[in-house]
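> One letter stands for each residue in the lines below.
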Amino acid sequence: MEAYYLEATPKTPKLDFNPAADTFLISGRSIPENSIEFYKPLLDWLDDYVNNPKDSTNFEVKLEYFNTSSSKCLVEIFRKLEKIPQTGKELSVDWYFDEDMQESGEDFKEIIKVPFRMIQIKD
Amino acid sequence: MLNTVDQYNKLKESDKLLFGYKGFIDETLISNLMTIVENKLGMVEYNSRLKKKIFNILVEVVQNVYHSSEENTRVSQVLRNVYILLVKRNDGYEVLSGNYIRNEQIDKLKDTIEEVNKMDENSLRESYRDRLDKGAISDNGRAGLGIMDMVRKSGNRLDYDFINFDKEFSLFSLKVNINNNQ
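Residue numbers (the numbering used here), protein chains in the order written: chain A, 1 to 123; chain B, 1 to 182.
Below, in silico cross-link-like pairs of lysine-lysine (DSS-like), each with a Cα-Cα straight-line distance of 30 Å or less:
1. B/Lys52 x A/Lys40
2. A/Lys113 x B/Lys53
3. B/Lys40 x A/Lys122
4. A/Lys54 x A/Lys40
5. A/Lys80 x B/Lys134
Since the hints were made in silico from the structure, they are not lab data.
This structure is a prediction, so every number in the text was calculated from the model and none was measured.
With the sequences and hints as input, model every part of the structure.
Given below as structure tokens:
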């Protein structure tokens with residue numbers, strides 16, 4: 001399966017989803033006006049991926065900040081990933097946070113049904 | 001009474017106005033505005049956490065205005081103007097927005113803000129998570145999440161007002177207060 005990769009911009013995060021690599025990554029900031037438009041191709045890509053995932057998938061979230069419309073798309077990403085454990089494969093999510101992203105991480109941890117680790121970023 | 005247009009006219013020449021915009025907005029303009037605001041904040045505020053908080057709230061306020069302002073290009077230019085202000089106070093900052101909305105939208109918007117303003121920290125957290133959980137992707141309640149986010153991030157209730165413009169439109173003014181130390 002081909003990798004899905006997007007370089008970061010001032011308003012959108014880096015998306016690095018390469019099945020040949022150890023981890024999937026989203027990093028940077030996510031504040032597009034139309035987040036659905038931005039995330040739709042990734043969500044489509046994940047639909048394919050979760051049908052035949054690797055034995056173990058690790059997803060790293062290293063977001064500096066995001067707007068509320070992006071947060072809904074993040075929920076959708078996690079909803080897709082939730083299907084991986086159902087196929088008997090492994091999934092882990094690492095949420096990297098500084099003081100601001102802690103509460104957001106806890107919001108997601110509460111509503112997402114995947115193994116979710118919160119890791120504090122040290123300066 | 002909160003009137004963002006008045007505030008804009010009053011503060012135009014003032015040093016307290018760190019950033020003020022009046023006019024039409026689209027996605028490209030928003031990007032440019034955000035770059036200016038971020039640079040300006042970088043010059044006046046050294047507390048990086050506070051800086052980030054202000055910027056975050058401003059992003060949400062602008063997004064709210066962008067999605068709720070009048071798209072109908074047949075209405076007059078005045079009604080398509082939006083106002084965005086970032087004001088420095090001694091004890092913090094204010095983010096203000098002003099835009100014209102249709103009179104029939106007032107009740108729903110007022111209810112949304114009133115409901116959020118009434119919540120304490122815990123119930124706000126619960127409602128936010130509930131909405132995030134159930135309301136994914138669908139455009140319904142998008143404003144609700146944004147409004148909740150502004151209150152959660154600022155830790156303050158929102159100031160707002162509707163001022164009748166004509167039989168179809170009213171000016172919607174919104175203000176988020178952000179304190180220096182919290």
